[in-house]
Amino acid sequence: TSWTVLLTGASGEEKLVDDIAEDFPQERVKIMAGRYSLAEFLTIIQHSSLLITSSTGPLHLANAVKTPLLGFFCPAKPHTPIRWGPYDQQKWVVTPTLDSPEICNFNKCPHGGCLQQLSDSKITKELCENRLKDLT
1 TSWTVLLTGA SGEEKLVDDI AEDFPQERVK IMAGRYSLAE FLTIIQHSSL
51 LITSSTGPLH LANAVKTPLL GFFCPAKPHT PIRWGPYDQQ KWVVTPTLDS
101 PEICNFNKCP HGGCLQQLSD SKITKELCEN RLKDLT
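Per the numbering used here: the sequence shown ends with 136, consecutive numbering throughout.
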């Protein structure tokens, strides 16, 4: 199956999205940062085959309109996917494993950006592949 990747972001995040776009074949990526209202963005999510996102508003919008998702959460207790994750798609949530997640706090990460460790993770790649297989 051939997938088109829509890269979204808020106004002001265009540079970040452009940088991310460099990791995809140009013919398969569409940059959409800062171009749509919230209502338009919800329509885009609703018509998407899959949303891959961190624990942010778009994850909750996708869950509300039953768009399949793959969500990434930090391991800090106040941010746990058990509390804030998608209510019917928990098996598609990824949280880094840390020896001491209880020391995580919102203002300063003592682990050096544990979510960034997932970007090159074999398990993350396998999870993405499994999620796509689940949809086909």
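One thing to keep in mind: the hints can contain errors.
[To be verified] Quick list of simulated restraints, FRET-style, between CB atoms:
hint: 1; residue 1: THR43; residue 2: THR97; range: 16 to 22 Å
hint: 2; residue 1: LYS125; residue 2: GLN26; range: 20 to 26 Å
hint: 3; residue 1: ILE20; residue 2: GLU40; range: 31 to 37 Å
hint: 4; residue 1: LYS133; residue 2: GLY12; range: 32 to 38 Å
hint: 5; residue 1: THR56; residue 2: LYS125; range: 17 to 23 Å
hint: 6; residue 1: LYS66; residue 2: ALA21; range: 17 to 23 Å
hint: 7; residue 1: ALA39; residue 2: THR136; range: 25 to 31 Å
Rather than coming from a laboratory, the hints here were simulated on the basis of the structure.
Quantities reported herein were computed from a predicted structural model and do not represent experimental measurements.
Heads up, the beta-carbon is just placed ideally off N, CA and C, and yes, glycines get one too.
Hints violated by the structure (numbers, ascending): Violated hints: 1, 3, 6; rest satisfied.
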